[in-house]
Structure formats: C-alpha cells, structure tokens
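Number of protein chains: 2
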Amino acid sequence: MKPDLSSKQLQLLDTAELLFSKKGFDGTSVRDIAEAAGINTAMISYYFGSKEKLMEEIFERKSMNIREKVDNLIKDETMDPLEKMYSLVDTYIEGILQRKRFHRILLCEQIINQNPHIIGMMEKMKTRNSECMNDLIRLGQKKGMFRKNIDIPMLTNTLVGTVSHTLLTMDFYKNYHHLESMKEEEFERLLKKKLSVHIKNIYKAILTHEL
Amino acid sequence: MKPDLSSKQLQLLDTAELLFSKKGFDGTSVRDIAEAAGINTAMISYYFGSKEKLMEEIFERKSMNIREKVDNLIKDETMDPLEKMYSLVDTYIEGILQRKRFHRILLCEQIINQNPHIIGMMEKMKTRNSECMNDLIRLGQKKGMFRKNIDIPMLTNTLVGTVSHTLLTMDFYKNYHHLESMKEEEFERLLKKKLSVHIKNIYKAILTHEL
DNA sequence: TATAATTAAACAAACGTTTAATTAGTTTTG
DNA sequence: CAAAACTAATTAAACGTTTGTTTAATTATA
Numbered sequence: 006m007k008p009d010l011s012s013k014q015l016q017l018l019d020t021a022e023l024l025f026s027k028k029g030f031d032g033t034s035v036r037d038i039a040e041a042a043g044i045n046t047a048m049i050s051y052y053f054g055s056k057e058k059l060m061e062e063i064f065e066r067k068s069m070n071i072r073e074k075v076d077n078l079i080k081d082e083t084m085d086p087l088e089k090m091y092s093l094v095d096t097y098i099e100g101i102l103q104r105k106r107f108h109r110i111l112l113c114e115q116i117i118n119q120n121p122h123i124i125g126m127m128e129k130m131k132t133r134n135s136e137c138m139n140d141l142i143r144l145g146q147k148k149g150m151f152r153k154n155i156d157i158p159m160l161t162n163t164l165v166g167t168v169s170h171t172l173l174t175m176d177f178y179k180n181y182h183h184l185e186s187m188k189e190e191e192f193e194r195l196l197k198k199k200l201s202v203h204i205k206n207i208y209k210a211i212l213t214h215e216l
Numbered sequence: 006m007k008p009d010l011s012s013k014q015l016q017l018l019d020t021a022e023l024l025f026s027k028k029g030f031d032g033t034s035v036r037d038i039a040e041a042a043g044i045n046t047a048m049i050s051y052y053f054g055s056k057e058k059l060m061e062e063i064f065e066r067k068s069m070n071i072r073e074k075v076d077n078l079i080k081d082e083t084m085d086p087l088e089k090m091y092s093l094v095d096t097y098i099e100g101i102l103q104r105k106r107f108h109r110i111l112l113c114e115q116i117i118n119q120n121p122h123i124i125g126m127m128e129k130m131k132t133r134n135s136e137c138m139n140d141l142i143r144l145g146q147k148k149g150m151f152r153k154n155i156d157i158p159m160l161t162n163t164l165v166g167t168v169s170h171t172l173l174t175m176d177f178y179k180n181y182h183h184l185e186s187m188k189e190e191e192f193e194r195l196l197k198k199k200l201s202v203h204i205k206n207i208y209k210a211i212l213t214h215e216l
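Order-wise, the sequence lines are chains A and B. Terminal number for the first sequence in this note's numbering: 216, no gaps in between. Terminal number for the second sequence in this note's numbering: 216, no gaps in between.
Think of the hints as simulated: they come from the structure by calculation, not from any bench. Incorrect hints may appear among the rest.
Heads up, the list lumps identical chains together, so a pair's fine if it works in one copy or across two of them.
Dumping the calculated DSS-like pairs for lysine-lysine here, alpha-carbon to alpha-carbon at most 27 Å [unchecked claim]: (1) K80 - K58; (2) K205 - K105; (3) K205 - K131; (4) K209 - K153; (5) K27 - K197; (6) K188 - K89; (7) K209 - K13; (8) K148 - K179; (9) K153 - K198; (10) K188 - K148; (11) K179 - K56; (12) K198 - K131; (13) K205 - K56; (14) K188 - K105.
Construct the complete structure from the given sequences, taking the supplied hints into account.
Below, the structure is given as structure tokens:
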C-alpha cells in the first residue's frame, strides 16, 4: 500500500483531474495545474515525478472496481437474477456519475493514450467489467430466468455506452430542454433516474422477453 | 461553395485526421502531420491558415447529416414506422463505422474542444439528431404503432452511445474474443451485424412492447 | 542540525506560425 | 513563338512562445 498523500498532493491531483477533464491531458500544462492549485510548478515533478505519473496516480485512485460488488450480488440469495442485474446497473450509473470528471478523462484517454501503464489499467478494467457482466448473466441463464441467446458484449456496450454518452451530452441536454434554471444536484438526480429506468427496461426486455 | 481542394490539401486533411484520431488534436504537432504526409510544414499554414482551421475543415467535410435520409423515410409509404426506425438505425451504424477515425476525434473533441466554431458544429449535429429521432418516433406514435411513454433522448443516447462505445472498444473486443486472425473487413462486418441486430431488438422492445 | 518542503530561475526541446528566398507554372507581350 | 512578367507553390530557416523538468538556493519542520 502506498503511503497517504499530503493535502497538497491531493489538491494537485484534484486540480489536475478537473483540468484534464476540461482540456485533456495534452491541452493542460503543468503550469496550468500548479497555478489553479496555487502551488509552485516544480512541486508536480517533486511529488509525482512527472506529469505522466501524476495522470497515472489519478487513474490508480479513481478507477472503478465492481468485482467485489458483483461477487456479493452473486452470493445474495434474497434477490432474483433480474433484481441483481438491476442492482448492478444502478451501481454502475451511480459510480460513473460520482466520477464524472474522471470518466470524461477516461473516454478521451481510451482513444489517445499511449502510456503502457495506463493502457494496462484500462484493459484490466474492461476485462473485469466484461467478466462481471458475464458472471451475472450466466447465473440468470442457469436459473432459467434469462434467455439463452444473449449478446453479452453488446449488452455491456449498451450499459456503458448509454451512460457515457449521457455524461458526454448532459450540458447539451440541459440547454436543449431548457433546464438551465434547475440546480445541478437536482438535474443530476433527474438524469440518474432516467438512466436507471431506461436501462433497466432495456435489460429486462433483452434478458427476459421473447423478441 | 468552397473551391475544390488540391490533392496535396486532401492528403494533408487525411493524414491529419488519422493522426488526430490516434493522438488527439493537442497530441499531434503540425510537424507530425507534415512529415507523415511528406509535405513541408509551412504548407499547413499556407493552405489552411492554421492548425485550428485545418481541424475545422475536417469537421466541415466529415460531419454526418441524417436529416435528408430521415425526411425521405418519413415520406415513404411502403414501410411501417418500425421498419423506418430500423432503417435509421442501420444508416447511423453504417455512417459511424464509415467514419471511424472522424468519430473517434469527435468523441474526444466533445469533451475538450474550446473552439467556438467547432462547438457550434457539434451542437448543430446533436440538435439535428435529436430532432430526427423525435420526428420518426412521433410519427410511429401518431400511427398508433409505438408506445406513448417513450424517453426519446435516452433512446437516442442508447443508439449513439452503444455504437460509439463499440467503436471505442473494438480493439479490446477483438483481442478478448481471440479474433486477431480475422480480417479487418470481415471483423467490421461482424460488428456491424451485431450492432444492428442488438439495437433493433432494443428499439423494437422499447418502442412497441408493453414493459 | 538534519531532513523535507518550497521557491524562482534556468534548461533544452518542441510548439505553431512567419519570413524571405527559390522554384514551378501560367499569362502577357513584342 | 519565345521572352518577359507575373502568380502560385514550395522550401529551409528563423521567430517568439510554451512545454516539462531540473537546479540551486531558501525556508520550514522535526
């Protein structure tokens, strides 16, 4: 386990995350970060070694791991498979919207990042997500509650893609539907609810209905 | 109408698109582009005015417009509303996969771009997509074939998001399912087919089924 | 008094763009 | 038709900034 970070280090990480999510990694200079954080530029190299490693630290700290959650769901005997899937959907939505800034960074870096360490972390995340979805759906199929012919990767893409694209276009959505006056917190609750209902509908239909 | 571009200009645009889609706008230097295109660096400013305007030109040329297609679909009296929606879904999938590199750029720029001209083009695209989806679904509702309570923005997000996320993770998918030996062309056909079937299933369920 | 934190300054490299000179291509003119 | 004049294309070099990182000196903490 790494030693805890000082408040200045956390401040730098947080500021960097904010700026990366707005202007991208290459569009943000270490001077931008340091100035916004009110900390001397040299401290970034001093604390993290380099701008690259600062980014890696953000990934280490903000990457989502749903494995444990899914393991508990699988064990749970009070919920049926569809309820378990609903719970995963909500966990995922909640997790992404709680990490809005990081997830925006992730979306960009999936395309442009060349850092092997970060690529490795992203691959791991995708593999884990795929396996979790597999495990939960196989369970429902074994219990006879889910259909047999399910394209699990595509269904996963629909969950991740729908949430990601909602995150990506939420400002547009707000303006387009004239919700500028709505408080940020309330607007986010609205989106979460809409995502939750919508994706659960899809999952129920694809997993259990005759098509 | 703008005058046609010379072959060198087209060569620069194409090379720039390729590099932007791999390393991002800020991660690609004009020297990178010029070298990869085998053209002198100064020609970029000479032809396009600036790196920014080169990007704008890419957007002008590669942005997708489905408005005309949807207008024709609405007029068409040989298809029922669901068939029309199926046609739109396939058009969209085809359009994105035909513009893979540009769409990857678009995904990044939605997050990090600050250029008002490009922001304007992206807003326009989103507005048009929203309206097209609206028109087509309202038509189906008027004809009594689609359910009344449909969250159209979310359903749009599912189409765009699923296709985008499939595009974003297609390399991972290929490795994860050990399809490395499959030819690029064949692999793409496979993805297109899977996307088409999957999203049409979702649309049919959400638009026409009782939930 | 030793170790850690912080600073302003300096570093070389890379950035987008401009310049001024040269080459290529076209048009005008005797 | 050929020479001259003119415009467009192309080049290498230079421009002034900005980049990430390092240095060496200073301040704070233990």
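These are the hints, each one checked on the structure:
1. Taking the shortest Cα distances, K80 and K58 never come within 27 Å of each other, neither inside one copy (38 Å) nor across copies (56 Å).
2. In this homomeric assembly, K205 and K105 come within 27 Å of each other (Cα to Cα) only inside a single copy, at 21 Å, whereas the closest approach across copies is 29 Å.
3. For the homomeric pair K205 and K131, the shortest alpha-carbon distances inside one copy (21 Å) and between copies (25 Å) are both at most 27 Å.
4. For the identical chains of this complex, K209 and K153 are neighbours both inside a copy (14 Å) and across copies (19 Å), given an alpha-carbon limit of 27 Å.
5. In this assembly of identical chains, K27 and K197 lie within 27 Å of each other by CA distance solely inside one copy; the values are 22 Å within and 32 Å between copies.
6. For the identical chains of this complex, K188 and K89 are neighbours neither inside a copy (32 Å) nor across copies (38 Å), given an alpha-carbon limit of 27 Å.
7. Proximity of K209 and K13 under a CA criterion of 27 Å is satisfied in neither setting, with 47 Å inside one chain copy and 53 Å between copies.
8. With identical chains, the CA atoms of K148 and K179 are never at most 27 Å apart, being 42 Å at best within one copy and 30 Å at best between copies.
9. Only between protomers do K153 and K198 lie at most 27 Å apart by alpha-carbon distance; the minimum there is 19 Å, versus 29 Å within a single protomer.
10. For a Cα distance limit of 27 Å, the shortest separation of K188 from K148 qualifies neither inside one copy, at 44 Å, nor across copies, at 37 Å.
11. In the homo-oligomer, the alpha carbons of K179 and K56 never lie at most 27 Å apart, since the shortest distance is 34 Å inside one protomer and 31 Å across protomers.
12. Taking the shortest alpha-carbon separations for K198 and K131, both the intra-copy value of 25 Å and the inter-copy value of 22 Å come in at or below 27 Å.
13. Within a single copy, K205 and K56 get their C-alpha atoms no closer than 40 Å, and across copies no closer than 44 Å, so neither meets the 27 Å cut-off.
14. In this homomeric assembly, K188 and K105 come within 27 Å of each other (Cα to Cα) only inside a single copy, at 17 Å, whereas the closest approach across copies is 36 Å.
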